[in-house]
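*Asks:* Protein chains in written order, with numbering that gives the first Met the number 0: chain G, 0 to 400; chain W, 0 to 400.
Hints were generated in silico from the structure; no laboratory data involved.
Every value quoted in this text rests on a predicted model; they were computed, and no experiment measured them.
Take these hints with a grain of salt, some might be off.
Which copy? The list can't say, so a pair holds if one copy fits it or any two copies do.
[Stated by the list, open to error] Straight-line distance between alpha carbons at most 25 Å, and here's what the computed DMTMM-like set of lysine to aspartate or glutamate pairs gives:
(1) Lys281 with Glu269
(2) Lys387 with Asp336
(3) Lys387 with Asp331
(4) Lys226 with Asp146
(5) Lys128 with Asp336
There are 2 protein chains.
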Amino acid sequence: MSNCLVAQSGGPTSVINATVAGVVKANQMNPYYDKVYGGLNGIEGILQERFVDLTNMSDEENVILRQTPSSALGSCRYKLKRDNKADFESLFNILDKYNIETMFYTGGNDSMDTVAALSEYAKEHNITKHRFVGCPKTVDNDLIITDHCPGFASAAKFIATTALQTWLDVNVYTRQEVFILETMGRDAGWLAASACLSGVVDILCLPETPFDKDIFLKQVKKCIDEKNKCYIVISEGCKYADGTYIAAGQAKNDGFGHAMLGGAGQAVKEIILEAGVASRAKVQDLSTAQRCFAVQQSLVDVTESFQLGMSAHMRSCDKTFTGKMVGLVRKDVPEYDVDFIAVDAIEVANQVKGFPQEWIKPNYQGISEEAVKYLEPLIKGSPTVYYKDGVPAYVKPYYMR
Amino acid sequence: MSNCLVAQSGGPTSVINATVAGVVKANQMNPYYDKVYGGLNGIEGILQERFVDLTNMSDEENVILRQTPSSALGSCRYKLKRDNKADFESLFNILDKYNIETMFYTGGNDSMDTVAALSEYAKEHNITKHRFVGCPKTVDNDLIITDHCPGFASAAKFIATTALQTWLDVNVYTRQEVFILETMGRDAGWLAASACLSGVVDILCLPETPFDKDIFLKQVKKCIDEKNKCYIVISEGCKYADGTYIAAGQAKNDGFGHAMLGGAGQAVKEIILEAGVASRAKVQDLSTAQRCFAVQQSLVDVTESFQLGMSAHMRSCDKTFTGKMVGLVRKDVPEYDVDFIAVDAIEVANQVKGFPQEWIKPNYQGISEEAVKYLEPLIKGSPTVYYKDGVPAYVKPYYMR
Numbered sequence: 000m001s002n003c004l005v006a007q008s009g010g011p012t013s014v015i016n017a018t019v020a021g022v023v024k025a026n027q028m029n030p031y032y033d034k035v036y037g038g039l040n041g042i043e044g045i046l047q048e049r050f051v052d053l054t055n056m057s058d059e060e061n062v063i064l065r066q067t068p069s070s071a072l073g074s075c076r077y078k079l080k081r082d083n084k085a086d087f088e089s090l091f092n093i094l095d096k097y098n099i100e101t102m103f104y105t106g107g108n109d110s111m112d113t114v115a116a117l118s119e120y121a122k123e124h125n126i127t128k129h130r131f132v133g134c135p136k137t138v139d140n141d142l143i144i145t146d147h148c149p150g151f152a153s154a155a156k157f158i159a160t161t162a163l164q165t166w167l168d169v170n171v172y173t174r175q176e177v178f179i180l181e182t183m184g185r186d187a188g189w190l191a192a193s194a195c196l197s198g199v200v201d202i203l204c205l206p207e208t209p210f211d212k213d214i215f216l217k218q219v220k221k222c223i224d225e226k227n228k229c230y231i232v233i234s235e236g237c238k239y240a241d242g243t244y245i246a247a248g249q250a251k252n253d254g255f256g257h258a259m260l261g262g263a264g265q266a267v268k269e270i271i272l273e274a275g276v277a278s279r280a281k282v283q284d285l286s287t288a289q290r291c292f293a294v295q296q297s298l299v300d301v302t303e304s305f306q307l308g309m310s311a312h313m314r315s316c317d318k319t320f321t322g323k324m325v326g327l328v329r330k331d332v333p334e335y336d337v338d339f340i341a342v343d344a345i346e347v348a349n350q351v352k353g354f355p356q357e358w359i360k361p362n363y364q365g366i367s368e369e370a371v372k373y374l375e376p377l378i379k380g381s382p383t384v385y386y387k388d389g390v391p392a393y394v395k396p397y398y399m400r
Numbered sequence: 000m001s002n003c004l005v006a007q008s009g010g011p012t013s014v015i016n017a018t019v020a021g022v023v024k025a026n027q028m029n030p031y032y033d034k035v036y037g038g039l040n041g042i043e044g045i046l047q048e049r050f051v052d053l054t055n056m057s058d059e060e061n062v063i064l065r066q067t068p069s070s071a072l073g074s075c076r077y078k079l080k081r082d083n084k085a086d087f088e089s090l091f092n093i094l095d096k097y098n099i100e101t102m103f104y105t106g107g108n109d110s111m112d113t114v115a116a117l118s119e120y121a122k123e124h125n126i127t128k129h130r131f132v133g134c135p136k137t138v139d140n141d142l143i144i145t146d147h148c149p150g151f152a153s154a155a156k157f158i159a160t161t162a163l164q165t166w167l168d169v170n171v172y173t174r175q176e177v178f179i180l181e182t183m184g185r186d187a188g189w190l191a192a193s194a195c196l197s198g199v200v201d202i203l204c205l206p207e208t209p210f211d212k213d214i215f216l217k218q219v220k221k222c223i224d225e226k227n228k229c230y231i232v233i234s235e236g237c238k239y240a241d242g243t244y245i246a247a248g249q250a251k252n253d254g255f256g257h258a259m260l261g262g263a264g265q266a267v268k269e270i271i272l273e274a275g276v277a278s279r280a281k282v283q284d285l286s287t288a289q290r291c292f293a294v295q296q297s298l299v300d301v302t303e304s305f306q307l308g309m310s311a312h313m314r315s316c317d318k319t320f321t322g323k324m325v326g327l328v329r330k331d332v333p334e335y336d337v338d339f340i341a342v343d344a345i346e347v348a349n350q351v352k353g354f355p356q357e358w359i360k361p362n363y364q365g366i367s368e369e370a371v372k373y374l375e376p377l378i379k380g381s382p383t384v385y386y387k388d389g390v391p392a393y394v395k396p397y398y399m400r
């Protein structure tokens, strides 16, 4: 019999491990593969043959794994380049050596490109014994075709909750207050937009709307005039009409061709204070916490992430299934529900789905009812959280064992 | 019959409203007072006769109030000065007008000074029909005599959880990483120390230990050499031996005689990078979120906060009970339990209880087993959280109605 391999790539999410748990569980229910290997640190570790055996994971570990944030198998930012033949040859040799029929790879649009590249390579070289299946995950929710991405909803829930809670905090004094909440979202405003589910956001700045200083300041002033308070949410990727990031002063490069952002909140604070529209402003940058705050997983999100892993395993029992990503499509029924679908990974690779223009209200006034209808069902429900000694129980990362 | 008044002061916590809920509930169980007034925005609003009637609060509202973070009655930073006779006269006139026998005031050491000052004034002027009772609350946990302060444990739980979750996040790549988590704690290191409950903190910098750059950098280097990673937690109030705050560059004054801090994390990041001990470092400042993240209340904390409000009401039925603060004392029994006690508010006023020196390990290596034994029981248990439309249900602030 053959084996399968599951590995994780890109930035962590709160539910990324649930997909791995789903693959493992599906293979226990239908042992199509002899072994389920976990590849450590994505492609980087696979090329070094750093594997763990997940086949016989206990049900207790499986449950705790689902609530453990961040990649329990480790991640990488190593990109498999199509012209790097040596890497491809090494990788296929390793797949041969470990008799790996299917490799499941969880990640964002870069990882889907890896899935596509590996299946193309196999096809070009008439290799049929190795197959490649992508499982989407990204807090950014920016993959095309799939209705949404596992990981997004839990981050969205944390952001909406934090917006509500910090809004309650900032209003307690009678004095003037401007509060600025900065979220992730380099190219797409999904995370920042989800703060509006709190119902308390006065001004929303997304990467999809060019930042116009005058309109922005006018809106802040209007808020201050009306109620002496202003609650602003801004995406790290917010930019001026000429494409310059607001946080340009802090911009660096992460070596993967992406700008590393941070500081958009601080930048608009300075804009507000310099213009004299308000006398004080406070910034909270949600930073790393927003993508790993797993004690506040959305039940819908963690369930879908787990089932997506199972679906990927189940579909992979068809020997023609390769170069695919398993995605989600929303059913056209009154109560929220999804179907799992398979799409060609190449279609998803390197594409970005922005927050729809038609869902953005003019003058930074937030999002439409349609947008709320899309977002709200995703953040609903809270799974039971298991604690140990007062902090959430977690699975010790496999790369640390 | 007479009435009572409950009001809130100082910075918010995740459980501050539970004390108000306890006063209201106790009066429903034993209607000693005709009416339970809520005073809006603390002393500031009371002087403007801004009251709401909480007497007949429904049980449903009482339950939701307990899970609503931040001061639902609003807060103030207005300090009643002993030499401001006009304020005292106005206040006592208002208490007369509304026939208020007892005023309950929740707050930190400044608020306990207010309770003491008001009861002293009454005594000096032979006024016996108005009494003053303090209820402690502060995320800083820096009040003396009481074993701990309601509000601290929920913030501690959020901090420990965030430390664990961000540590899982920052370790996923094979590259070198330094992560710096900044917590509140101007004068006392309780909040920063509680991060150690996660079991993942490599280096802990508290206000109680003078910051020595050389020892600190040596410890960071040791960590990096050993495992290529270093997880640092720093209190905003961390200072050099000469008393200068590390974050001195950003220091401002909040008008209450307190230094406004923030930026200690950024400061140590720069120290590390300048020394070349690490090539990259990431900072997360927990900022406002840590004191209002009520979806992760500690069950022990919210229960104690509620019962403390009830205890204050019950004790106030004794007509000699004034100038007191209700506090907590830990029982000397194997399983964690507390007794409620009454202490003179003047004893607590304007004092600060630092994190004990004997609980601090040398060279920024964290906290002792004794400290863990003290902290761990406080963060245990999670109350049921009620949600509405995907975000936590909350009581609309009374000052907004």
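*Asks:* When no copy is named, should Lys226 and Asp146 be tagged within, between, both, or neither for a Cα gap of at most 25 Å?
*Replies:* neither (38 Å within a copy, 40 Å between copies)
*Asks:* How would you label the pair Lys387, Asp336 (within, between, both, or neither) given a Cα cut-off of 25 Å?
*Replies:* between (33 Å within a copy, 19 Å between copies)
*Asks:* Is it within, between, both, or neither for Lys128 and Asp336, if the alpha carbons may be no more than 25 Å apart?
*Replies:* neither (35 Å within a copy, 62 Å between copies)
*Asks:* 25 Å Cα cut-off: does Lys387 pair with Asp331 within a copy, between copies, both or neither?
*Replies:* between (41 Å within a copy, 23 Å between copies)
*Asks:* For Lys281 vs Glu269, is the C-alpha pair at or below 25 Å within one copy, between two copies, both, or neither?
*Replies:* This pair counts as both: shortest intra-copy Cα distance 10 Å, inter-copy 22 Å.
The structure is inconsistent with the numbered hints 4, 5, although it conforms to all the rest.
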